[in-house]
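These protein sequence lines map, in sequence, to chains A and B. Numbering (the working numbering) for the first sequence: 489 to 796. Numbering (the working numbering) for the second sequence: 57 to 163.
Rather than coming from a laboratory, the hints here were simulated on the basis of the structure. Heads up, none of these hints are tricks.
Distance ranges between label pairs, derived from CB positions:
id, chain 1, residue 1, chain 2, residue 2, range
1, A, G796, B, P142, 55 to 61 Å
2, A, V585, B, Q141, 42 to 48 Å
3, A, K712, B, W87, 35 to 41 Å
4, A, I746, B, K156, 30 to 36 Å
5, A, K714, B, E64, 50 to 56 Å
Which chain B residues stay away from chain A? Per the calculated CB distances, all over 12 Å, these:
id, residue
6, K67
7, T77
8, V143
9, A162
Positions of the beta carbon are idealized from the N, C-alpha and C atoms, including for glycine.
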Amino acid sequence: MNKSPKKYDIVIIGGGPAGLSAGIYAARARLSSLLIERGAVGGQIINAEWVENYPGFNESISGIDLTEAMHQQATKFGLETLVAEVTGIDIKGRQKVVRTSQGDFTAKAIIIAGGSERQKLGVPGEAEFTGKGVSYCATCDGPFFRGRAVAVVGGGNAAITEALELTRFASRITVIHRRDELRAAKILQEKAFAEKKIEFLWDSVLEEIVGDAFVNRVRVSNVKTKKKTVLDVSGVFMAVGFKPNTGYLKDIVKLDDIGTIITNEKMETGVPGIFAAGDIRSNSIRQVIAAAGDGAVAAIGAEKYITG
Amino acid sequence: MSKPVEIEEAKFNEAVLQAETPVLVDFWAPWCGPCRMVAPVVEELAEEYEGRFSFVKVNVDGNPKIASQYGIMSIPTLIVFKAGQPVDTIIGFRPKDELKKSLEAAL
Chain A
489 MNKSPKKYDI
499 VIIGGGPAGL
509 SAGIYAARAR
519 LSSLLIERGA
529 VGGQIINAEW
539 VENYPGFNES
549 ISGIDLTEAM
559 HQQATKFGLE
569 TLVAEVTGID
579 IKGRQKVVRT
589 SQGDFTAKAI
599 IIAGGSERQK
609 LGVPGEAEFT
619 GKGVSYCATC
629 DGPFFRGRAV
639 AVVGGGNAAI
649 TEALELTRFA
659 SRITVIHRRD
669 ELRAAKILQE
679 KAFAEKKIEF
689 LWDSVLEEIV
699 GDAFVNRVRV
709 SNVKTKKKTV
719 LDVSGVFMAV
729 GFKPNTGYLK
739 DIVKLDDIGT
749 IITNEKMETG
759 VPGIFAAGDI
769 RSNSIRQVIA
779 AAGDGAVAAI
789 GAEKYITG
Chain B
57 MSKPVEIEEA
67 KFNEAVLQAE
77 TPVLVDFWAP
87 WCGPCRMVAP
97 VVEELAEEYE
107 GRFSFVKVNV
117 DGNPKIASQY
127 GIMSIPTLIV
137 FKAGQPVDTI
147 IGFRPKDELK
157 KSLEAAL
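Required output: the full structure, derived from the provided sequences and hints.
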């Protein structure tokens with residue numbers, strides 16, 4: 489690895505909509521800008537087959553196409569992209585060093601837009617059967633469950649979107665939700681309630697995933713009646729929330745009790761020159777449009793910080 | 057510059073099972089977002105391990121027999137083959153360092 493780290497004005501960590509939007513604004517401000525992403529750009533929204541709520545796309549667009557367009561736009565203005573895993577941040581006065589699997593980079597300002605990943609539920613059988621019936625991406629794995637019965641665990645936007653996507657493949661979809669109502673957007677609820685293939689197990693929690701080589705059933709418990717039931721399914725799609733990618737940030741910025749980064753309305757973390765944007769932020773509404781907005785605010789803030 | 061090679065089912069025997077070096081097979085599909093996350097990491101590994109390891113991609117959409125033969129129910133799935141046998145299976149996105157450990161173990 490190089491001994492003298494490469495210098496940038498702004499280093500952006502994470503290549504989802506927040507990071508890409510920040511990249512567009514930073515590059516257009518003619519600041520030397522590096523975006524570090526551990527895989528391909530796009531973030532969580534690449535799991536969405538269709539994005540129907542991002543303004544300007546009346547015909548809806550896939551999450552992959554939307555974020556690829558954002559990346560091309562940012563690259564056109566001069567944003568550099570590096571595939572690497574960020575392992576830490578060191579702060580030496582105004583200079584900051586971002587440590588990665590591909591070496592160190594110094595930055596005058598850092599925008600943390602590392603997003604989140606699917607939360608594991610932590611029930612018996614979940615780890616064992618991951619890839620053998622347990623899935624965290626209906627868009628990816630739905631086609632493997634043609635004509636089979638599956639369960640979806642969760643009641644938010646991700647869970648109901650996945651249940652709806654699965655209607656194209658599965659014979660029956662049972663949504664297992666711990667409350668007696670959904671948190672998903674009303675339009676998604678309406679679609680799900682109208683769909684004959686989707687049924688709901690309310691007030692219910694998944695207790696165990698059972699199978700041989702592959703999943704063949706799940707044990708479910710009703711939280712109110714305590715009644716236990718067994719459901720024959722070949723697939724279990726987990727959509728029980730998200731975990732922020734802030735493991736390496738504990739001692740650097742202030743996190744809330746679920747590990748997301750606390751910021752003010754300027755996306756400032758409280759550490760001068762370090763901003764956060766998108767789903768990684770405390771109380772984020774977890775929408776592409778909000779993440780893109782956060783990214784713009786953070787980049788403009790970073791520009792002001794750098795140019796003083 | 058070594059790149060992962062996209063193959064069809066008919067070539068699997070030759071390209072994977074009878075390969076002289078260990079092989080990493082990346083099972084993917086165009087509709088799968090996380091598969092796109094994995095692709096650049098696999099490409100980097102293909103360069104780093106040139107000559108010591110082969111890298112093959114199988115699109116499960118056009119090659120369902122191979123996918124079902126290896127019990128694939130989730131993509132991306134990466135399987136490391138050594139002397140025609142699967143020796144390690146990695147499901148979903150994993151950081152490059154973790155993938156390297158799987159490769160090193162098969163060398």
